Amino acid sequence: MRAIVRKFLVGRWAKVFVFALALIPVVRIAWRAYRGDLTANPVEFLQHQTGDWTLRFLIFTLCITPFRKLLDLPELIRFRRMLGLFAFFYVSLHFLTYLGPDQSFNFAGMLKDVVKRPFITVGFAAFVLLIPLALTSTAGWIRRLGGKRWQALHRSIYVCACLGVIHYYWLVKSDIRKPLFYGALVGILLVWRVVNWLIKRKAPAVAHTTPLRAS
Amino acid sequence: MLIKKPTGLNYSEITPKSVYFNRRNFLRGLGIAGAATVVGERFASILWPSATVLAGTKLTTVKSAYTVDEKISSYNDVTHYNNFYEFGTDKADPAKNAQKFHTSPWTVSVEGDVKTPRKFSLDEILKLAPLEERIYRHRCVERWSIVVPWIGYSLSTILNLVEPLPKAKYVAFQSYYDPREMPDSRGTGLDYPYVEGLRLDEAMHPLALLCVGMYGETLPNQDGAPVRMVIPWKYGYKSIKSIVKIKLQSSEPPTTWNRQSSYEYGFYSNVNPNVDHPRWSQATERRLGEIFMHKTLMFNGYADQVASLYAGMDLKKFH
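Chains as they are written, first to last, in the numbering used here: chain A, 1 to 215; chain B, 1001 to 1319.
Honestly, the hints are just simulated from the structure, not real lab data. Small disclaimer: the values here were computed from a predicted structure and weren't measured. Note that the Cβ used here is the ideal one computed from N, Cα and C, for glycine as well. Heads up, some of the hints might be wrong.
Straight line, CA to CA, 20 Å or less: simulated DMTMM-like cross-link-like pairs of lysine to aspartate or glutamate [said to hold, decoys possible]: (1) A:178 / B:1304; (2) B:1096 / A:175; (3) A:178 / B:1142; (4) B:1245 / B:1178.
Going by beta-carbon spacing under 7 Å, a handful of chain A positions derived as facing chain B [unchecked claim]: (5) 43; (6) 101; (7) 119; (8) 121; (9) 147; (10) 174; (11) 175; (12) 177.
When you get a sec, could you build the whole thing from the sequences and use the hints?
This is the structure we're talking about:
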């Protein structure tokens, strides 16, 4: 079984498969839009859907490293960049649903809103922080920056995920269950990293890192 | 953009209500036994989900002076996109979860600082005064808005009947609450029963509507059946649903959203484009069925009628 999974993961179709899966949310939204079935408040529906999927893809991306180690499936690294870029894809759509219908594509008005509203501020900050990560996601940029520096830069996804959760938490009026759920997932994924780091520091002899492969 | 612009037709316009009714009657006719009707209804609810809420009884109304000349929101939107946290916090939840809510028999107790406290059955409420159809703008604190043909009469009708005592300064309202009928209310972050309040002069204002129906029929469960308030110049949450108690008193009553977050939701909660919610601007709003925002009006466009109630008040402080 394990051999089959690993074979699939390194095979050529695995990426196509994950890519297709990651497109399902946007295809579903497009289908509902085509059918005129975007609820009574289509703009809000699109904003919430794209926001939700941004957080989910950030969480999927953050899952890769722990799952590689816990499941002993280093091959999962092949999908990390794609998932991260899908998070960026969904956050870009999310941003457009705000810039367009809410702000009528008025940049000056948007920036005023960004400065004035803490919940917009943190959401916008997370979006802006993700831009350099998306731009430097190529193998060429890893080479240009050097693995260490590249990795340091890309750790800002931790900040983005936290800001995303805060953005959601500050949006809701009284029902905080969903933001707390996302917050708990992000929390677990970050705490795992801290614990892992502490263990590694304590016992450097057994510490090892799987070499970073740009796939 | 992915948005497919609606063709300008409302759902209610596409399928006239008479067709809904005929279809229901047709299905009823099919049911030889009562059980068959139940099966038919369930089948119908799968095929025509929007039709399931049309359980209302037709109401006869008279024209009202208190009406705005604006495009009425689609019945489907108003019944499938709203807040009624007792039935869940998603906008689509009330339509799904309120269907089994029992609203009969129903009594409303009007009590407190009044000369003749009284319990009114729903039947009595329906017959106290001629029912008026009033088309009001309705503005939610979340920046969406609708235009609804409500049915009812001024709250002052019932208040005058019980004769408020001079010491009565405020009116406290309470919603029905039973966690067994409203299991989705758990975890929604509010304390129940839902309570609201008005100053007595606000409550006596003719625009303050005691509402028993909409779109020509009794209220659907998810929109606050069988009797609710509609206060068109205030944010939607002031218009308390499914009322069981109206109490006149000398002190300002607690209100649910104010208790939840007092700096965000004041006692007055008048629609005011100049006083923002701490987390978002209130200067604009989105009509259901539209894409772009448009300007929010002072007192939701009812300034001429109600501004005098707040003369000299700092509306930022008393938000």
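Taking the hints in turn, this is what the structure says about them:
1. A:178 / B:1304: At roughly 42 Å apart (the allowed maximum being 20 Å), residue 1304 of chain B and residue 178 of chain A break the hint.
2. B:1096 / A:175: holds (18 Å)
3. A:178 / B:1142: Holds, because 18 Å separates the two Cα atoms, which is no more than 20 Å.
4. B:1245 / B:1178: holds (14 Å)
5. 43: With Cβ-Cβ at 6 Å, under 7 Å, it holds.
6. 101: Holds: closest Cβ of chain B sits about 5 Å from residue 101 of chain A, inside 7 Å.
7. 119: holds (5 Å)
8. 121: Check failed: Cβ of residue 121 of chain A comes no nearer than 11 Å to chain B, outside 7 Å.
9. 147: Result: violated, 39 Å to nearest chain B Cβ.
10. 174: Holds, because the Cβ-Cβ distance from residue 174 of chain A to chain B comes to roughly 3 Å (cut-off 7 Å).
11. 175: Holds - the Cβ of residue 175 of chain A comes within 7 Å of chain B, reaching about 4 Å at its closest.
12. 177: Since chain B brings a Cβ to about 6 Å from residue 177 of chain A, closer than 7 Å, the hint holds.
Comparing the model with each earlier hint shows violations of hints 1, 8 and 9; every other hint is respected.
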